[in-house]
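Undergrad: Sequence:
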Amino acid sequence: MKKILICLVVFVIAGWAVSRLLVRYRFEQKNNKIELCIEFNQIERICNKENYQLNEFFKRIRKTDVTSIVLEEETVASLEKLGKITYLSASEINKFRTLNILPEQLATHPESIIVGEGDFADYLAAVIEKKTGCVIKPDILQNDRQWTILDVRRIPDINSMYLGYLPDKVRKIKQNGFKTIYKLSEQALVPKDLPENFSCFLIDREVNENVTRELILQNKRVTLVEFSPGIESFQKKFRRMSDKILRAHRIELSKRNLFLVKHEINTILSRWNRAVRERNCRVLYFDFIDNISLEENLNYLGLLCKKLKESGFVFDTPLEVPGQVSGGLPDSLSKSIAFLIAVGFPVFSLSYVLKKGKKNPIMRFIYICLINLAGGFLISSLLSDYVFLVKLDEFRGIKPSFILPFILAVPFLYSFEEIKIFLNSNV
Numbered sequence: 001m002k003k004i005l006i007c008l009v010v011f012v013i014a015g016w017a018v019s020r021l022l023v024r025y026r027f028e029q030k031n032n033k034i035e036l037c038i039e040f041n042q043i044e045r046i047c048n049k050e051n052y053q054l055n056e057f058f059k060r061i062r063k064t065d066v067t068s069i070v071l072e073e074e075t076v077a078s079l080e081k082l083g084k085i086t087y088l089s090a091s092e093i094n095k096f097r098t099l100n101i102l103p104e105q106l107a108t109h110p111e112s113i114i115v116g117e118g119d120f121a122d123y124l125a126a127v128i129e130k131k132t133g134c135v136i137k138p139d140i141l142q143n144d145r146q147w148t149i150l151d152v153r154r155i156p157d158i159n160s161m162y163l164g165y166l167p168d169k170v171r172k173i174k175q176n177g178f179k180t181i182y183k184l185s186e187q188a189l190v191p192k193d194l195p196e197n198f199s200c201f202l203i204d205r206e207v208n209e210n211v212t213r214e215l216i217l218q219n220k221r222v223t224l225v226e227f228s229p230g231i232e233s234f235q236k237k238f239r240r241m242s243d244k245i246l247r248a249h250r251i252e253l254s255k256r257n258l259f260l261v262k263h264e265i266n267t268i269l270s271r272w273n274r275a276v277r278e279r280n281c282r283v284l285y286f287d288f289i290d291n292i293s294l295e296e297n298l299n300y301l302g303l304l305c306k307k308l309k310e311s312g313f314v315f316d317t318p319l320e321v322p323g324q325v326s327g328g329l330p331d332s333l334s335k336s337i338a339f340l341i342a343v344g345f346p347v348f349s350l351s352y353v354l355k356k357g358k359k360n361p362i363m364r365f366i367y368i369c370l371i372n373l374a375g376g377f378l379i380s381s382l383l384s385d386y387v388f389l390v391k392l393d394e395f396r397g398i399k400p401s402f403i404l405p406f407i408l409a410v411p412f413l414y415s416f417e418e419i420k421i422f423l424n425s426n427v
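Residues 1 to 427, numbered by my numbering, are exactly what the sequence shown covers, in order.
Some hints here could point you the wrong way.
Now the in silico label distances, taken between C-beta atoms and shown as ranges [said to hold, decoys possible]:
| no. | residue 1 | residue 2 | range |
| --- | --- | --- | --- |
| 1 | Thr267 | Asp119 | 47 to 55 angstroms |
| 2 | Ser380 | Glu296 | 37 to 45 angstroms |
| 3 | Asp119 | Ser270 | 46 to 54 angstroms |
| 4 | Lys63 | Lys131 | 37 to 45 angstroms |
Listed below are the simulated DSS-like cross-link pairs for lysine-lysine, each with C-alpha atoms no more than 30 angstroms apart in a straight line [to be verified]:
| no. | residue 1 | residue 2 |
| --- | --- | --- |
| 5 | Lys179 | Lys30 |
| 6 | Lys174 | Lys307 |
| 7 | Lys33 | Lys81 |
| 8 | Lys307 | Lys49 |
| 9 | Lys30 | Lys236 |
| 10 | Lys3 | Lys174 |
| 11 | Lys30 | Lys63 |
| 12 | Lys306 | Lys174 |
| 13 | Lys30 | Lys355 |
| 14 | Lys49 | Lys172 |
| 15 | Lys220 | Lys59 |
| 16 | Lys3 | Lys355 |
| 17 | Lys306 | Lys30 |
| 18 | Lys131 | Lys237 |
| 19 | Lys81 | Lys174 |
| 20 | Lys192 | Lys220 |
| 21 | Lys63 | Lys33 |
| 22 | Lys307 | Lys33 |
| 23 | Lys236 | Lys355 |
Just so you know, these hints were derived from the structure itself, not from any lab.
Since this is a predicted model, take the numbers as computed values, not measurements.
The beta carbon of each residue, even a glycine, is placed where N, CA and C say it ideally should be.
Model the full assembly from the supplied sequences, consistent with the hints where possible.
TA: Right under this line is the structure:
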């Protein structure tokens, strides 16, 4: 009866473990879709440098399997560069007032942003109100043409503030057939009105608690760029929405990597490939390199796409994860049981062989290997949830499991009486 009960328990546990690993295997077989993205600001910069039309450039990168464009929040400086606004500081207004070249309406505003488009002025005022709580009433300046004045004297550090995503860029991305990725700043205001072609939010730095909380509430896809500064300290906060998390890879543009791109391109391509295959990165954040020509950049991008296609991947929206991949136990319980197995099974295999009195060394080796193989099989099934695949949680019991079994195995190698004699003997 005892043997039957043991066999039944082993059968149930084995069936449960196999079912979990099968679900994970099926998911990984289908999980071959990659999102390849490029920053809008980088595209603008390279077009200006090469005197290239933006729409023509979009057509070229569409042929290289780029799926998405990353948008960063605008600042006062970036909006001025685009010609969307003119910022006048208090000192500039005082200077113009002294020279008597300032319109009377503007002279009453110590620090102002002048906007040429009324709709954009309303949008900008709404963004500032949401971020700071300060209500700004646009003031119309009628001159040779109509301007809108935003009095920003009550806004602290307006020059360092992020002012949302430019609607014109969102429309341009959609018109060219790409998906939009919103890159979040440290103090971002997570937008609720998302475009039809929205893909995900992207984080490559530590964000504050409010941003994290809002992302969890919205339950939209979030992409975390691996190895980013501070990312390890807060990424575990997203465990509750692990099925919405993607992992991204980005290669830093150091001097060494620039050398590899120019002279040893296969080394760089292998790094991208390993990130996708080994670390489950399903978003690739590609950077254009300023120090090489446009054609060299596009050649590098084309070779990357070719390499990944040869490895069996396709460029599309990454696979939706239906909750936990295997629907397993709570993470803390899974890790605890996995640790007990990692420590206990090696000790059990040794004690089992000694207890059964196996004399043949080959049979001893086979029994020990089979028992430990079963332990590894169970650990794999326990740690097969998606939360472990995207590194939102990790198993830290590997190093202790190398040491503890040796310590715990001592009582099985020697009888307790022999240990007592050894400890009490004179040296």
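Undergrad: Starting from the range 37 to 45 angstroms, see whether the pair Ser380 and Glu296 falls in it by beta-carbon distance.
TA: Distance hint for Ser380, Glu296 holds at roughly 43 angstroms.
Undergrad: Holds or violated: Lys30 with Lys63, Cα cutoff 30 angstroms?
TA: With Cα atoms ~24 angstroms apart, Lys30 and Lys63 stay inside 30 angstroms; holds.
Undergrad: Mind checking the alpha carbons of Lys3 and Lys355 for me, to see if they're no more than 30 angstroms apart?
TA: Within the cut-off at roughly 17 angstroms; holds.
Undergrad: Between Asp119 and Ser270, does the C-beta distance stay in 46 to 54 angstroms?
TA: 49 angstroms, holds
Undergrad: Going straight from one Cα to the other, do Lys30 and Lys355 come out at no more than 30 angstroms?
TA: 46 angstroms, violated
Undergrad: At the C-beta level, are Thr267 and Asp119 separated by a distance inside 47 to 55 angstroms?
TA: Roughly 49 angstroms apart at Cβ, these two residues keep to the hinted range, so it holds.
Undergrad: Can you confirm whether the C-alpha distance between Lys63 and Lys33 stays at or below 30 angstroms?
TA: Holds: Lys63 and Lys33 sit about 17 angstroms apart, inside 30 angstroms.
Undergrad: Are Lys30 and Lys236 close enough, with their CA atoms no more than 30 angstroms apart?
TA: 26 angstroms, holds
Undergrad: Check whether the Cα positions of Lys306 and Lys30 lie no farther apart than 30 angstroms.
TA: 20 angstroms, holds
Undergrad: Regarding the pair Lys179 and Lys30, is the alpha-carbon distance no greater than 30 angstroms?
TA: 22 angstroms, holds
Undergrad: For a C-alpha distance cap of 30 angstroms, please report whether Lys307 and Lys33 respect it.
TA: 14 angstroms, holds
Undergrad: Keeping to a limit of 30 angstroms between CA atoms, is the pair of Lys306 and Lys174 held or broken?
TA: Holds - the C-alpha atoms of Lys174 and Lys306 are around 25 angstroms apart, at most 30 angstroms.
Checked against the numbered hints given earlier, the structure breaks hints 7, 10, 13, 23 and satisfies all the rest.
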